[in-house]
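Adding 21 to a residue's 1-based position in the sequence shown gives its number in this note's numbering.
Please keep in mind that the hints were generated in silico from the structure rather than gathered at the bench.
Take the hints with a grain of salt, since some may be wrong.
List time: in silico SDA-like cross-link candidates among lysine to any residue, alpha-carbon distance up to 20 Å [what the hints assert, rightly or not]:
1) 173 <-> 136
2) 81 <-> 129
3) 39 <-> 120
4) 216 <-> 59
5) 216 <-> 120
6) 69 <-> 92
7) 206 <-> 120
8) 178 <-> 155
9) 62 <-> 155
10) 56 <-> 39
11) 62 <-> 207
12) 173 <-> 207
13) 200 <-> 174
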Amino acid sequence: MDNLFRVSVKGVLKVNHKYLLRKNERDEWELIGGKLETGDKSIKSRLKTEFREEAGLRVKVDGHLEPWVYKIGDRRILILPYITEIMSSRKKKSLQNEELGWFINKELDSLNLPDGYMHSIRQTVPFGSYSYLKGGEAGFPDSMFKVYVVIKDINRKTRVLLENHQNPREIAEGVIREKSLSGVKLISEPSTRYKNNIFINYRIFR
Numbered sequence: 022m023d024n025l026f027r028v029s030v031k032g033v034l035k036v037n038h039k040y041l042l043r044k045n046e047r048d049e050w051e052l053i054g055g056k057l058e059t060g061d062k063s064i065k066s067r068l069k070t071e072f073r074e075e076a077g078l079r080v081k082v083d084g085h086l087e088p089w090v091y092k093i094g095d096r097r098i099l100i101l102p103y104i105t106e107i108m109s110s111r112k113k114k115s116l117q118n119e120e121l122g123w124f125i126n127k128e129l130d131s132l133n134l135p136d137g138y139m140h141s142i143r144q145t146v147p148f149g150s151y152s153y154l155k156g157g158e159a160g161f162p163d164s165m166f167k168v169y170v171v172i173k174d175i176n177r178k179t180r181v182l183l184e185n186h187q188n189p190r191e192i193a194e195g196v197i198r199e200k201s202l203s204g205v206k207l208i209s210e211p212s213t214r215y216k217n218n219i220f221i222n223y224r225i226f227r
């Protein structure tokens, strides 16, 4: 089980210079989204479902952002963030213990917002986040995935199994060092899924 990950799909939604966030059971603000399940049709369909259920919003997925690993206590959760856009909305009843909020960019720094989400919102390179597990917090169901980091270079692909203590970018940068490449740029490409496998894709640009 050491090399299996829970996966959560999250969406960055910006409307009129404000970002939509929700407060979780750890009293942190986070992006809208939720766990990927083995029975989900696709990664994007899970994200759309979460927006409908949590915020009463119908969204489209405009683009991907770089994945990162979130450590919550002894759990390791792969975060797959995307850029989203509202297509329509409906009146939504408030759910118990749920709080939603819209925040402008300068307000984000004063929130209890994990660093990884901040990197996703501001589209900077993520290096993971850590949060303490709150006592009595409900656990994630056992939808677990093998995660591979795929680095594409001209006509070659290098695939590395992501281990529990690693972040995806660390793997990709390690491959670049092993190849003794200099003056190259590492670009994140959309993640893909096949059955219970997640592929985090990078491309090397020379």
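So, going through the hints one by one against the coordinates:
no.	hint	verdict
1	173 <-> 136	violated, 28 Å
2	81 <-> 129	violated, 24 Å
3	39 <-> 120	holds, 16 Å
4	216 <-> 59	holds, 7 Å
5	216 <-> 120	violated, 33 Å
6	69 <-> 92	violated, 24 Å
7	206 <-> 120	violated, 40 Å
8	178 <-> 155	violated, 41 Å
9	62 <-> 155	violated, 31 Å
10	56 <-> 39	violated, 24 Å
11	62 <-> 207	violated, 29 Å
12	173 <-> 207	holds, 10 Å
13	200 <-> 174	holds, 11 Å
Hints 1, 2, 5, 6, 7, 8, 9, 10 and 11, counting from the list given before, are not met by this structure.
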